[in-house]
Every structure is written in C-alpha cells, then in structure tokens.
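Participant: The chain contents come next:
Number of protein chains: 2
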Amino acid sequence: MICGRTPDELIRDIEGFHGFVAPGLVIGAFMVDLAREHIGQNTEADAVVETRHCLPDAVQILTPCTVGNGWLKIADLDKFALTLYDRHTFAGFRVWLDLNKAKAHPNVYNWFMGLVSKKDLPKEILIPAIFDAGRDILSVKPVTVRAEFAKREKKSKIAVCPACNEAYAAAQGTPCLACQGKDYYHTGS
Amino acid sequence: MICGRTPDELIRDIEGFHGFVAPGLVIGAFMVDLAREHIGQNTEADAVVETRHCLPDAVQILTPCTVGNGWLKIADLDKFALTLYDRHTFAGFRVWLDLNKAKAHPNVYNWFMGLVSKKDLPKEILIPAIFDAGRDILSVKPVTVRAEFAKREKKSKIAVCPACNEAYAAAQGTPCLACQGKDYYHTGS
Ligand SMILES: [Zn+2]
Ligand SMILES: [Zn+2]
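Protein chains in written order, with full-length UniProt numbering: chain L, 1 to 189; chain W, 1 to 189.
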C-alpha cells in the first residue's frame, strides 16, 4: 500500500486530480508515504516541496496539505525532494530521490536525468519500473524547518487601490502592484 | 448549479480537498463558474490566481488545472481575482470581487474587508450569505495574458550538485541553491 492505496487506487487518484499519470507523481507518492511513516500518523504535519513540477500534486492528493489552505509551501530550489514537518515543533523528515540508489534502476534513473526520450521509454515500461523501485531510490533524513519559513502567514492589511478600486495587500504601497505595471495581462481580447 | 455542482456537492468537494469550508473558496467557486461560462466549455483553459489564499484550491477542485501539472499559475499580486485563458491564444477572462457590488451584501463585504470578527459573523451566517450573493458581487472583463507569463516552462537542464550529490536545475550555478545556503531547513531534529 502507498499512502493507504493500492497501486490501482493510486493511479486512479492521480488521474482524477492531475489529469494523467505523470511518472514524477508516482515517485512523489512513495516519497510522501516514506515521510509520513517517519513522522508518524498522529503528527499534524505541514509540507514543503522543492519544485513546482508534479510534487505539489502528490502532496495535495495524499495529505490534507494544499496550496490554498497554506499547509503546503513551495520552496524554489528546483530539486526533487519534499519535507513533512510537525507544524508545532517544525521538526520533520526530508525525502529526496537519491541518485546513487536510483542507478540500480536504470529506466527510472535515465528518465529522471533526461537521458532517454519518451519514445524509447514509454510509460508502459517506466511506470511499472517506478512501482518496482518503490522506496529503493529514496533517502530520508531528519530536518528542522527554519521558523521564518514554517510560520503561517498572517493575513495582510487590506487597502483599496485608488486606480483600479480593487482590494489588495496594503504592504504593496499605492497603487496596487497590478496598477504599478506588474500585472500578467493586458485588458481586452 | 456552480461548476456543475449543487451547493451541497460543492461544500462536500471543498471539505474533501481543502479540509474545511473557507468562505473565500465558496466565492472562488462562483468566480471559476463565471469565468468558465465566459470562456466557453470547449476551450482548453489554463488558469491564473492572484493570491495564494483559497483561490488556488477553488481552481484545483473545479478545473483540470493544478499547481503540479503547471496549468495553474500563481501571480503574486495579493488580490482576490482569477483568470481563465485559452492556452493557445492566451485570450481569456479575469473575474474579481467587485467592492462596489459587494457593498450590497454587507456580511460578505464586512468579512472580506476584515471589518468583522469570526465571533460576530459565524460561518453559519456568512456561508449562506455568500451563496445568496453568488455572482452579484463579481465583475468580469476580457484580458489577454502576456506571452512570457503564459508560456509553459521548459524542463531545465539537470546538473548533479558536487556538494550534496542531488540533482538540481543547472541554471542555479554550482553548487545548488540549497548548498549556497538558501535552504529552508537545517539537518537534524
Ligand atoms: Zn490597482
Ligand atoms: Zn547541493
């Protein structure tokens, strides 16, 4: 069982949320499972993922932590690793894909390192190889998350922008960031 | 119906994913519903949310877009707004909570602006008030998402860090960001 699921149930839950079975998400499920076992089932755990690819969804599918409830944070380190930590003591466990161990599973290693094309290593081969590898390719170590990172964000003070008349976080200054030109869109189609 | 769900089904889906019924998530559901109606059911839409609070989960519950599959992006503007846009043309619709309209729904307005305590406005009153307000408190406009923001990220080149022996994005330089001291944890419990 991986996070209380059979492989078929895991695949179904991944497809339901993520849209398709990404190899990184299956590895991520084994990572969450390993971290969860170390921290214990009774610990209220928050989560950190070290990449925006795949791992956020592994945590969101398999734990109560989501981006929107603030219990999952993303550290922009661009590494394939995640941490579950006690939300009161900040003590937890970091799990990562260990390259030395992964070398014993060449299909998984070659996919992860980008050494092989999708054509040469189709999912029908790669996904079973990942299930076969399971935890064998992972390492885990105890860590303590820095307090300034672990702290729950306080809701910021709200201001109303004189330019767009929308509410925004007052700490941005006046006008709001979007009206300062930092928007991601222009109006009109 | 909101995104094809009855209010009860929506509440159930929110609780299942987010853990509890956050008022902002119920408003977010009406926002996704309105944006989806404008862009049309047959458009392959990516999403942007302008805050990390609540709205990412509204999109992740109610659309195929997730943080981990890259179809949902978070713009750090700290505003209660979201955009659904055509992933091929970048044309879409931005929906925001319109303060002028919200004033006609004092419970919703006072909660949103932080003018009232949880004790004075319990969820048993606030959540029905949000369902009652529905789309009345929202505005929508056509936008085009800037190409540099809308672009799907390419997978970055992978390097192996000589200090920690983990894989990371080569663009960070050597050693990896974590070994440069930008980690969020220290080792040990
Ligand atoms: Zn503004
Ligand atoms: Zn390193």
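Treat the hints as calculated values from the structure; they're not laboratory data.
You may find that some hints are simply not true.
Since copy identity is lost for identical chains, a pair holds within one copy or between any two.
Straight-line distance between alpha carbons at most 30 Å, and here's what the computed DSSO-like set of lysine-lysine pairs gives [claimed, not checked]: (1) Lys119 x Lys182; (2) Lys141 x Lys118; (3) Lys151 x Lys101; (4) Lys182 x Lys151; (5) Lys103 x Lys151; (6) Lys141 x Lys119; (7) Lys182 x Lys157; (8) Lys123 x Lys182; (9) Lys141 x Lys103; (10) Lys123 x Lys103; (11) Lys118 x Lys182; (12) Lys141 x Lys182; (13) Lys182 x Lys155; (14) Lys123 x Lys154; (15) Lys151 x Lys141; (16) Lys155 x Lys123; (17) Lys101 x Lys123.
Here the structure is a predicted model, which is why all the values come from computation and not from measurement.
Participant: Please list, smallest to largest, the hint numbers that this structure does not respect.
Facilitator: Violated: hints 1, 2, 3, 5, 6, 8, 11.
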